[in-house]
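J.: Residue-level listing of the chains:
Protein chains: 2
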Amino acid sequence: MSLLTVGSVAFDKLETPFGKTEKIIGGAATYITLSSSYFTKANNLVGIVGNDFPAEMINILNKHGINTDGLEIDPNGKTFFWSGKYHNDMNSRDTLETHLNVLENYVPKIPEQYQNCEFLMLGNMVPSIQHETLRKFHKKPGFIMLDTMNLWMDIAMDDLKKVISEIDCLTINDSEARQLSGDYSLRRAARTIMDMGPKTLIIKKGEHGALLFQEDRIFFCPALPLEEVFDPTGAGDTFAGGFIGYLAKTNDLSFENMKRAVIYGSAMASFCVEKFGTERIQFLTETEIQNRVMEFVQLASFELS
Amino acid sequence: MSLLTVGSVAFDKLETPFGKTEKIIGGAATYITLSSSYFTKANNLVGIVGNDFPAEMINILNKHGINTDGLEIDPNGKTFFWSGKYHNDMNSRDTLETHLNVLENYVPKIPEQYQNCEFLMLGNMVPSIQHETLRKFHKKPGFIMLDTMNLWMDIAMDDLKKVISEIDCLTINDSEARQLSGDYSLRRAARTIMDMGPKTLIIKKGEHGALLFQEDRIFFCPALPLEEVFDPTGAGDTFAGGFIGYLAKTNDLSFENMKRAVIYGSAMASFCVEKFGTERIQFLTETEIQNRVMEFVQLASFELS
Chain A
258 MSLLTVGSVA
268 FDKLETPFGK
278 TEKIIGGAAT
288 YITLSSSYFT
298 KANNLVGIVG
308 NDFPAEMINI
318 LNKHGINTDG
328 LEIDPNGKTF
338 FWSGKYHNDM
348 NSRDTLETHL
358 NVLENYVPKI
368 PEQYQNCEFL
378 MLGNMVPSIQ
388 HETLRKFHKK
398 PGFIMLDTMN
408 LWMDIAMDDL
418 KKVISEIDCL
428 TINDSEARQL
438 SGDYSLRRAA
448 RTIMDMGPKT
458 LIIKKGEHGA
468 LLFQEDRIFF
478 CPALPLEEVF
488 DPTGAGDTFA
498 GGFIGYLAKT
508 NDLSFENMKR
518 AVIYGSAMAS
528 FCVEKFGTER
538 IQFLTETEIQ
548 NRVMEFVQLA
558 SFELS
Chain B
258 MSLLTVGSVA
268 FDKLETPFGK
278 TEKIIGGAAT
288 YITLSSSYFT
298 KANNLVGIVG
308 NDFPAEMINI
318 LNKHGINTDG
328 LEIDPNGKTF
338 FWSGKYHNDM
348 NSRDTLETHL
358 NVLENYVPKI
368 PEQYQNCEFL
378 MLGNMVPSIQ
388 HETLRKFHKK
398 PGFIMLDTMN
408 LWMDIAMDDL
418 KKVISEIDCL
428 TINDSEARQL
438 SGDYSLRRAA
448 RTIMDMGPKT
458 LIIKKGEHGA
468 LLFQEDRIFF
478 CPALPLEEVF
488 DPTGAGDTFA
498 GGFIGYLAKT
508 NDLSFENMKR
518 AVIYGSAMAS
528 FCVEKFGTER
538 IQFLTETEIQ
548 NRVMEFVQLA
558 SFELS
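Protein chains in written order, with the working numbering: chain A, 258 to 562; chain B, 258 to 562.
Watch out, some of these pointers could steer you wrong.
In this list, chains with the same sequence are indistinguishable; a pair is considered to hold if it fits within one copy or across any two.
List of simulated lysine-lysine pairs, BS3-like, C-alpha gap at most 30 Å [unchecked claim]:
1. K366 to K277
2. K532 to K462
3. K320 to K298
Keep in mind that the hints were calculated from the coordinates and are not lab data. Predicted model only: the values in this text are computed from it and were never measured.
Just chain A, with the same shape it has in the complex (with noise of 0.2 Å):
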């Protein structure tokens, strides 16, 4: 089935315990298409980048099947761009520089080709924008997935409520469950929010792993524990990529099915933090990906007897 990613396309600059870079190319949409492309080969991009993107990176994006007919270039603007620190830790962080640049007034074309995408990836934007994006379909696509943060709940969450009421599937991390919800405990804050609107919820966890909800079922899916982290940046786009490239790929929304996709998305996450940005979700092989899905396996199997 075909998959179509709404989403920024970024500089980022990133510092690490482990060391800096300079500008490299992020973004939520970047991140998602290229874990979601090992999966499926109807990978559409729509966004927007400045006169500063190279054309070298859209050329990577397409040698990985991503179509970036809807990636819009504005010949005026330069492209988004955020830097920031990790602490010691690797599980906060600060942001040094944010410029919104040509995502300040974007708003989202849906090219013609795309109408007809079954699966909605809307990645982290203004939550008002995200509601935009889902006017300009024709006809809903069959399942719609989005990812938002804790920004807009600060500021927006009459709009990010709003678009949250016409989506499949919802995808944050623990502590933006909580205030969202406004509980602390997440099997209660999951109920609130499938209330809300989505059928399914994510709740991601880093290095603590992922949880599914789907009415009143859950399913945990550990984090694999690594000798390393080296950059968090675009795990949590990573692991929403290959949650939905798996689901485009088999074309199966069961809860059971979910539960793979979510195995599927945390091992292609486990990879995106090896490296710094895209560098290790860029070259992954087939055989790669199987062996670290048979450690997630070996990682959470028993047998009760």
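Using the hints provided, position chain B relative to the given structure of chain A.
T.: Positioned in the frame of chain A, the structure of chain B alone reads:
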């Protein structure tokens, strides 16, 4: 197989966001033996209480099949007392008062009829006393498990490393594993700690589950997402009691069986936090435990295809 637990029996006074208690019964050995009593009937306790300890509570332990011949009653002393207050997130707490009382100069004595116990659980105590306890056995028990805490890493690291070098299984939480190993990565920390002696290591992560390490094998057991965590006191000890109780019952030290023991331990801990102190784990049924274990199976199970 017979199990011997050596550890504190105490009075606790607790305050959580849900309420406070008067002095109630606590202590590592209390939680461990109550929890293990659901698995093994050869369940022995060595510890000390003062003249203020209610005979009624000893009666409760005995009714759970726990042999308390090794529980000394000091007619001239008072029972160890701890009071603490949990913060809103339940993951951190402040100690308000600690009175060692009879624990101050206590050295455990091993009654002759406990000398042949196959499984030994050393609850959290001064490491030099844990070490001295091991010297009291004519013949080393077949499986020795030890719990400890960050305090001893701060003030008695050498003593702690000495006793750790003589045990089979260590159980600590994630921040303690990082402190003991000096390594943030739990995967590398585990290797460093197992090099100190114990063949098996359990890293407890509270609401984030538990990791079991043995040689190059890792198993992850999630924590059950609960509606409400009422009081986390004793959860780690209850986990340890369920774990070693299950091992003593099955007398199978294979990694596959240890995985099951981790599941049973986690199930027991999930009960513990539902009420204050030992209120919940005093009154469990076989069926409740089996049903809870099945919740873990559902939470963690997936099929790759």
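J.: The structure should be examined with respect to each hint, and the outcome stated for every one.
T.: Hints versus structure:
Taking the closest pair of Cα atoms, K366 and K277 never come within 30 Å of each other, the shortest separation being 35 Å inside a single copy and 57 Å across copies. When the C-alpha separation of K532 and K462 is checked against a cutoff of 30 Å, the pair qualifies both within a copy, at 20 Å, and between copies, at 26 Å. Proximity of K320 and K298 under a CA criterion of 30 Å is satisfied intra-copy only: 11 Å inside one chain copy versus 65 Å between copies.
In this structure, only the earlier hint numbered 1 is contradicted, and the remaining ones agree with it.
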